[in-house]
Each structure stands twice: as structure tokens, then as C-alpha cells.
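Trainee: First to last, the protein sequences are chains S and V.
To convert, note that position 170 of the first sequence is 170 in this note's numbering; the numbers rise steadily by one, no gaps.
To convert, note that position 285 of the second sequence is 285 in this note's numbering; the numbers rise steadily by one, no gaps.
These aren't lab readings, by the way, just hints derived from the structure by calculation.
Remember, predicted model here, so these are calculated numbers, not experimental data.
Think of the CB as a built atom: it goes at the ideal place given N, C-alpha and C, for glycine as much as any other residue.
Do not take every clue at face value.
[Said to hold, decoys possible] Derived coverage of chain V by chain S (criterion: at least 3 residues anywhere in the stretch with Cβ under 8 Å from a Cβ of chain S; other residues may be distant):
| id | segment |
| --- | --- |
| 1 | 1 to 12 |
| 2 | 188 to 202 |
| 3 | 331 to 339 |
[Unchecked claim] One-sided excerpt, in silico: chain V residues whose CB lies under 7 Å from chain S:
| id | residue |
| --- | --- |
| 4 | G298 |
| 5 | L300 |
| 6 | M302 |
| 7 | D358 |
Number of protein chains: 2
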Amino acid sequence: MKTELSRTLGIEHAIFGFTPFPAVAAAITRAGGFGVLGAVRYTAPEDLARDLDWMQEHTDGLPYGLDVVMPAKKVEGVTEADVEGMIPEGHREFVRETLAKHGVPELADGEASGWRITGWMEQVARSQLDVAFDYPIRLLANALGSPPPDVVQRAHDHGVLVAALAGSARHARHHADAGIDVVVAQGYEAGGHTGEIASMVLTPEVVEAVAPLPVLAAGGIGSGEQIAAGLALGAQGVWLGSIWLTAAEAELHSRALTAKLLAAGSGDTVRSRALTGKPARQLRTEWTDAWDDPAGPGTLPMPLQGLLVAEAVSRIQKYEVTPLLGTPVGQIVGRMNSERSVRQIFDDLTRGFEQAVDRINRIAGRSS
Amino acid sequence: MKTELSRTLGIEHAIFGFTPFPAVAAAITRAGGFGVLGAVRYTAPEDLARDLDWMQEHTDGLPYGLDVVMPAKKVEGVTEADVEGMIPEGHREFVRETLAKHGVPELADGEASGWRITGWMEQVARSQLDVAFDYPIRLLANALGSPPPDVVQRAHDHGVLVAALAGSARHARHHADAGIDVVVAQGYEAGGHTGEIASMVLTPEVVEAVAPLPVLAAGGIGSGEQIAAGLALGAQGVWLGSIWLTAAEAELHSRALTAKLLAAGSGDTVRSRALTGKPARQLRTEWTDAWDDPAGPGTLPMPLQGLLVAEAVSRIQKYEVTPLLGTPVGQIVGRMNSERSVRQIFDDLTRGFEQAVDRINRIAGRSS
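Pulled out of the complex, with its shape left as it was, chain S reads as follows:
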């Protein structure tokens, strides 16, 4: 499965795998794809350095990338404490009430919230980059708009390609104008932050909007036939995130969450602002229902919502409060029904792709 972009990066298959877990990212790269490690959960640069050291040791010299969350708009001198101060007391009370209703215990005294949104703040993302450029990463992806111009320049100086996610053709053109090298067209059905245009329509629109820049199709892809569809739509590769969440190598914080993912159908996700303040597809839970309920206080804008719920999410995860337990995931969750190794997932993808190509050729009356 080779495209111009996969040749540039020197990978066997144009399959890009986004994951917060180094073991998964490294396994994707070793399988012949391109592993992209999500950096948002690293608040301490030394933790990121430790995991990139590990990646380096476990990728056999093959290429991999890093995904950060860096707002294009610079907000000078704003600290987490400043942002905390902007959260209305009524919303804090709603968090307390919702947790109490479900009997969610408090964290122990002095126990820090494990789930942080500070990786969303520019200072933190920049400290991550200071670490990342010491490693031979080949691609830097940004999940939140185009990165600032100096970051694009710095990446290019290091020979690192810059990718950015887009949910519309207009958004994609903005990335192209900002000097981005690869656009990830993220369809409505994708996990995490998404727009409203589905991949079937979005992918060719973005391809046309930014040509000749390479586009990766993201959203709804978890099988070889879906890879074939994404490539038929003009993409130079596919970007998969959700499918790795139930990989054997994934270190989800609880077995209860893995069980929920394995059991969920494609209709069990919702595009909700509950987690970050921007619409992000995730498992639909009693937690998202509470935030999406018109009778409730509603969500706050990014980054307030993320700060507001950070401790609550940690408590829900720690105590495995199943009805509230969720995670960003796409509609493809409906096909994530068994735990497989990354290698097995990857082999299923490439074999399924070949079968889909056979099928298309039969329909087109081509001998193959």
C-alpha cells in the first residue's frame, strides 16, 4: 500500500496510527505503518523524554511521529490558575452533584488528578516540542488548528513534516496557507474533535482544496475495506485512532472501559462538548448525557470545560464508575469486538485491503 507520502516517509503501508500509548505506536511502526504518539497526556517533559527513549529503542530505526495539541492563537501569560478562576461556581456544583448522584468517591488527600488538560495549553505543548526535536521524529501533527508559524519553521528546520487535522475544506486551505505539509481530513464519524461533514464527502473536498498537498483520510476507518474506500476518495494514506484502543498493547486505565468499548455499537457514541468544551465524539455515557441535557447548566468553552471536569474524569476512571466511564472514540467502535495485538490488527487491515482491491477489480471488470 504505497503512495507518494508513504515513499517520502519510507514506510511499507500508508497506514498512520494515532495512539497515546508508546507500546502501540512502536508496534504500528514495526508492523510497517507509521506510529504517531499522542503527547497531550504528558505534563512533565521528562516523562515524554522517557517514552520517546523507549520508542527509539523499540522501532528498529523505522519512522514515527508525535501529535501535540497546540492552539494557533497565542494567549500570553495565562496560567492554569487564571483559567480556573473563570469557571462559574454553578458548574462546579453541577460536577459535585453529578458525581454524588453516582456515588463516586473522592481522590485521597494529596492524590493528583491523573487526567489533565494542561497538555492543551501552549506552554506545555512547547515544552513537549523542546523534547521532541531531540528525537528523530519524522512527523509532527497538531490536533487543534495550524501550529504557530515558528513551530512550523522549527519542524521544517529539523526535517520534520507537519500535519494538521481539518474538518472542512476551508479549514484545510487555512492549513495549506500556514505551510502545513500533510492534512488529516477528520470526518464526522471520527473519535475526538470532529466537524459535521462525513468522511465520504469531506475527504475528496479536502483533497481538491489543498492539492497537491497529501491528505490522510480519518474517521470511520478500522478495516481494510474502509482503507480502500479512503484511498479511493483520493487520500494518500489513512489515519486510524480508535481501532488501537482495544489492542492488547493498549494500556487503558481500566478493564471496565475496555469491556465497554468491546461491547459498544456504532450508535453508542455522541459528539459532545462534555470533555473539552468543543464537540468531540466519545462513548455516550450518563456523564455526557448530563452535560448534553438541556435542563443542565451546559458545557463551558475550551479550555474551561476541560479544567472543570479533569478531576471528575480521574475519579470516574480510578473507581471504574461504569455508567459514567467514557473515552473519545469514533463510530468504528461498533466493529471493535475483540482484543487483538497491534500486529494482528495490522495484518487484518492489509489483508482486508487486498481483498477490497480484488473486489473492486472484479466489479470494474479488470483482470487481477
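Here the structure of chain S is known, so what remains is to put chain V in place on it, guided by the hints.
Mentor: For chain V alone, kept in the frame of chain S given last:
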């Protein structure tokens, strides 16, 4: 572009075109596809007979089909007047106010509303079928669940295949259990009534759910690359509706609407209950905004909403009140940017499909 289903029907390309216009349906069939005439707007059986006579004369003996809207649940002895009586006065007042705000003139005395929803009622659909089975239709599609068992039986007795639209795998399995022959997997991005699962995820789910029944991919398809994607996802053909709305042969009720469609982007549609009471994708207008506004009275359930707005929609169309003027259409409206003949659209589709197959083969390293 040949599949088992296209061979069964004896068509050259597995492209099914749904349209309310006989001239468009006939042209699709003549171009080598399968034209499906939408019957919902025919309230008088003789009008349908006249147009089927015309279709018969203009399809050179090639196959075509009919699409009706028939609820699976039978409601005995309920008349349009009974349903009218169930509409709250507050909702009627909201219609009057919204039209007055935009200065929409009244219809002339005695002038009937041209846009009717009576085709949605079972009695009307049954009178359409009494006509339809006198013609050599090859496929009967139902847009609203599985048709009643006696209708399926009657179709099969006439050698007519029965198709039904599905927005979920569960829905599709229900159709299979009801003896339906072809399932149309209608993705979130489609025009008209849709669920929330996008085509990329829905198509393979439905294919798996009803195998070995043939599935048509619907939603988001308006180019050859999108046809290739739908077929890669396991469909035995594609079902296109929106793309024909701006065909030269289409008889839209106003040039203003054609102009709006040609200008609209993929983000200019909304899944709204404004037209029928069930979520249907359509152009977003000040009319849909009024119904979707939380400050308004909201919509009524089907069939009340359709009856409530029927006259209003006729007035908006007749007087071309542009800000309120809409139509069911999918996200593909963003690529409907020029008026082409059906033949030209069809040629673009088949040429684009061949190019997409070439592209996939290059990526897969197959000589072609």
C-alpha cells in the same frame, strides 16, 4: 461496473438513481443505470399512471423502479382530517407568524397546496401500488421501514424486487426478516431521512448484517471516486439521490432553489425535523432554523409536522421566498456546482470510477 445485483436487473452499471422527476429517472435508465421514480408527490393515481406511461415510452425497454413511502404499521381508518385535528393551534400560529415575518403571500382562493404529504399515508401508497404493478417495474423501494408483508408478497408475485432504506444494522436485519430483497444503507450524510451513522461505518455494518442480501450504499455519493468507495465497502451498487436535483432534466419548482443548490457548500445542510417530523437532511434555511430554535415550539411528530407545514412550503416555493426556500439534499450538495445533463453526470460518474480504480491499483501495486 457489474455486480450480482446489476446482472440480475440487467443493467450496465450498478448505479441506482432516485428522483421525483420521470425525465431524470428515464435518462438514468437510458444511460445504463437504474432509474427509480419517487412516487410520494403523486396524490392522484392517474397522474402516476400518466408518468409511468411516459417512462415506459422513454426507457427503450430498459429496467426502472418505483419508490413509495409506506409505513409498516397500519393505522386503520385514519383520515387526513383526523390527523389535521391533532395539530395544536400554537403550532399553526407559529407557521403564520414565521411566514408573516418574511412577508410570504397567501395562496389565491381555491388554489390547492401543491406540496402534499398525503403520499406518506398508507391508503395513498396502496393506490400508487395498484397503478405501479400494471407497469413492468423491476424494483419497488420503500423509504419508511419494511413494507407490509402483503405488499412484499404482491411485489414478489409480480417478479418485482423489494428494496428498503436502513440507517442502522438493526434496521437492516429487520428488513431482511421481512423478506426484503435489497437493503439501501442510507448514511448520515444522505439527503432526506437519515440516521446518525455515516456511510463509511454504516455500509460494511449493513453488508455484514444482511449477507448474502445485496446492499446499496447511499449517502455522500456524487462522484466516481465515491462510487468506488461505496463498492469497496462491500456494496453491490450505489444509490444516488441528491446529485440529480441540479440535472438539466430536473423540474425543480423554482430557479431560485436551483441557484441555492448550486451555491451551497457541504456544510449548508442540516438534519432537521422541520419537514416531516423525523430527522431529514435538507438545505439549512431560515425556515429550518425557526423550527430548530429552542425558543420556538419545536416540531410535531410524523405525520403531523408534514400536514402542518404543507401549505406553508407550497407558498414559500410558489413565491420563491429565498431565505426560507429549501429541499431535502445531502452533504454532496457541496460538489453540485454546475448544471449538467443526466447523461453528462452519468459519464462523469463512470469515468471517475475508472480513474479511482486505476488509482487504487497503483497504490496496491497491481499492474492495470
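Trainee: Report the numbers of all earlier hints that the structure fails to satisfy, in ascending order.
Mentor: Result: hints 4, 5, 6, 7 break, sorted rising.
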